[in-house]
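Asker: Next come the chains, spelled out residue by residue.
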Amino acid sequence: MDVKPDIPNDPFPGEVHPSPSGGILVTAIDDVINWARSNSLWPLVFGTSCCAIEMMSTASAKYDWSRFGFEVARATPRQADVIIIAGTIVNKMAPVLKRLYDQMADPKYVIAMGACATSGGPFFYNTYSVVKGADHVIPVDVYIAGCPPRPEALLHALISLQRKIKMGLTREQIRSENKVELK
Amino acid sequence: MTNEELKAKLSELLPSATYEESGQPIAVGWLNVNIDHKDWLYFANSLRNHAQLNFDYLFCLTCVDWKTHLTMVYHLESTQYRHTIVVRSKLDRTLPQIESVSNIWRTADFHEREVYELFGVNFLNHPDLRLLILPDGWEGRNPLRKDFEDPVNMIKL
Numbered sequence: 790m791d792v793k794p795d796i797p798n799d800p801f802p803g804e805v806h807p808s809p810s811g812g813i814l815v816t817a818i819d820d821v822i823n824w825a826r827s828n829s830l831w832p833l834v835f836g837t838s839c840c841a842i843e844m845m846s847t848a849s850a851k852y853d854w855s856r857f858g859f860e861v862a863r864a865t866p867r868q869a870d871v872i873i874i875a876g877t878i879v880n881k882m883a884p885v886l887k888r889l890y891d892q893m894a895d896p897k898y899v900i901a902m903g904a905c906a907t908s909g910g911p912f913f914y915n916t917y918s919v920v921k922g923a924d925h926v927i928p929v930d931v932y933i934a935g936c937p938p939r940p941e942a943l944l945h946a947l948i949s950l951q952r953k954i955k956m957g958l959t960r961e962q963i964r965s966e967n968k969v970e971l972k
Numbered sequence: 138m139t140n141e142e143l144k145a146k147l148s149e150l151l152p153s154a155t156y157e158e159s160g161q162p163i164a165v166g167w168l169n170v171n172i173d174h175k176d177w178l179y180f181a182n183s184l185r186n187h188a189q190l191n192f193d194y195l196f197c198l199t200c201v202d203w204k205t206h207l208t209m210v211y212h213l214e215s216t217q218y219r220h221t222i223v224v225r226s227k228l229d230r231t232l233p234q235i236e237s238v239s240n241i242w243r244t245a246d247f248h249e250r251e252v253y254e255l256f257g258v259n260f261l262n263h264p265d266l267r268l269l270i271l272p273d274g275w276e277g278r279n280p281l282r283k284d285f286e287d288p289v290n291m292i293k294l
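First to last, the sequence lines map onto chains A and B. Residue numbers for the first sequence follow the working numbering, beginning at 790 and rising by one. Residue numbers for the second sequence follow the working numbering, beginning at 138 and rising by one.
There may be inaccurate statements among the hints.
Chain B residues, not near chain A, derived (Cβ > 12 Å throughout) [to be verified]:
| # | residue |
| --- | --- |
| 1 | Asn-140 |
| 2 | Pro-152 |
| 3 | Val-223 |
| 4 | Glu-286 |
Below, computed lysine-lysine pairings styled on PhoX-like, alpha-carbon distance capped at 25 Å [claimed, not checked]:
| # | chain 1 | residue 1 | chain 2 | residue 2 |
| --- | --- | --- | --- | --- |
| 5 | B | Lys-293 | B | Lys-204 |
| 6 | A | Lys-881 | B | Lys-293 |
| 7 | B | Lys-227 | B | Lys-293 |
| 8 | B | Lys-204 | B | Lys-146 |
| 9 | A | Lys-887 | A | Lys-921 |
| 10 | B | Lys-283 | B | Lys-293 |
| 11 | A | Lys-881 | A | Lys-851 |
| 12 | A | Lys-881 | B | Lys-283 |
| 13 | B | Lys-204 | B | Lys-227 |
| 14 | B | Lys-283 | A | Lys-921 |
| 15 | A | Lys-921 | B | Lys-204 |
| 16 | B | Lys-146 | B | Lys-175 |
Take a look, some chain B residues computed to stay more than 10 Å from chain A by CB distance [to be verified]:
| # | residue |
| --- | --- |
| 17 | Glu-141 |
| 18 | Lys-146 |
| 19 | Glu-149 |
| 20 | Thr-155 |
| 21 | Trp-177 |
| 22 | Asn-186 |
| 23 | Asp-202 |
| 24 | Thr-205 |
| 25 | Thr-244 |
| 26 | Asp-284 |
| 27 | Phe-285 |
| 28 | Leu-294 |
Just so you know, these hints were derived from the structure itself, not from any lab. Cβ atoms here follow ideal geometry from the backbone N, Cα and C, with glycine treated the same way.
Required output: the full structure, derived from the provided sequences and hints.
Answerer: Structure follows, in structure tokens:
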């Protein structure tokens, strides 16, 4: 088996110029902040149905999302950075989800995991109780297909979210920044 | 008690009861009893208190909408004798009423509330008959009825 050289997928945003006493780092502060944020995302312990089982599997030994910086799952929205909507959101749950999202501190990110959270999925037709997509309640950054998605798919979504954060502000963050300027 | 012995005993208690000869519960090996809903309170009391029957465990209480009528279904077991029966009772779809058994089996309290909200069955003498899970204001709209319509939330296929 060939040993591949370790090339990081997303290198550190900046240039290091070596100097006799150490080095000089040339970068943009926003890029460094985003780089730091993306590598330490704390998910909220939140699951409403079977997707939550896959999420727990992703967190535990076999898939182990702590390899990518997600290990500190928080049971309170005030300490969480990302909420993974793992499961069906019913009309009765929607205000709870909204409140949890509102209680999270900025910057905050949302992953819609699986068919139910994306669109209502198997409950799209002929159901009186299911919200047809969690994005009717809160803005979503990354969607995952599947019912339920495999742990690899969730890991892929989490890594996609990291890349998204490194690329700059999300749509919601840009919107809230503009709001501040208008005032 | 075997099913044949149970059948003889139940016929003694309630001669008007009839017995299903085919269907799912029969395949599982459970005796299937059909009764008139007016006899239910008396029948339930006898099932619970009869020394040789002692059905002390109500492990399923549900309702079926057959479009022409509703059927209440009660699964009972005796933890002492390990025998099981299924009691069914037809209800009128326009005015479904049956006696509550929540003071015979405590578990029936919540199950009857659930059947009340989902099928609109009125349980007579229930201590606290109100919605269980559905949000406030859903009284009178019963989602598990076959003709249930909700134009606001439901996309019909």
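Asker: Beyond 10 Å from chain A, beta-carbon-wise, is B/Lys-146?
Answerer: At about 43 Å from chain A, B/Lys-146 clears the 10 Å cut-off, so the statement holds.
Asker: Measure nothing beyond the straight line between the CA atoms of B/Lys-204 and B/Lys-146; if it is 25 Å or shorter, mark the hint as holding.
Answerer: Violated. B/Lys-204 to B/Lys-146 sits at ~33 Å, over the 25 Å cutoff.
Asker: Given the hinted pair B/Lys-204 and B/Lys-227, is their Cα-Cα distance within 25 Å?
Answerer: holds, 12 Å
Asker: Beyond 10 Å from every chain A Cβ: check whether that's true for B/Leu-294.
Answerer: The assertion about B/Leu-294 is violated, with a minimum of 4 Å to chain A.
Asker: Do the alpha carbons of A/Lys-887 and A/Lys-921 lie within 25 Å of each other, as the hint requires?
Answerer: The hint holds at about 15 Å.
Asker: Holds or violated: is the Cβ of B/Asn-186 farther than 10 Å from all Cβ atoms of chain A?
Answerer: Holds, since 40 Å exceeds 10 Å.
Asker: Per the stated criterion, does the least C-beta distance between B/Asn-140 and chain A lie above 12 Å, as a non-interface residue requires?
Answerer: Fine: 38 Å to the nearest Cβ keeps B/Asn-140 off the interface.
Asker: Compare the distance between the alpha carbons of B/Lys-146 and B/Lys-175 with 25 Å, and conclude whether the hinted pair is satisfied.
Answerer: holds, 20 Å
Asker: Given the hinted pair B/Lys-227 and B/Lys-293, is their alpha-carbon gap at most 25 Å?
Answerer: violated, 29 Å
Asker: Say whether it holds or is violated: B/Pro-152 keeps its Cβ farther than 12 Å from all Cβ of chain A.
Answerer: Holds, since 43 Å exceeds 12 Å.
Asker: Is A/Lys-881 within 25 Å of A/Lys-851, Cα to Cα?
Answerer: violated, 34 Å
Asker: Using Cβ atoms and 10 Å as the threshold, tell me whether B/Asp-284 really stays out of contact range of chain A.
Answerer: holds, 13 Å
Figure legend: structure checked against the earlier numbered hints; hints not met, in rising order: 4, 7, 8, 11, 15, 27, 28.
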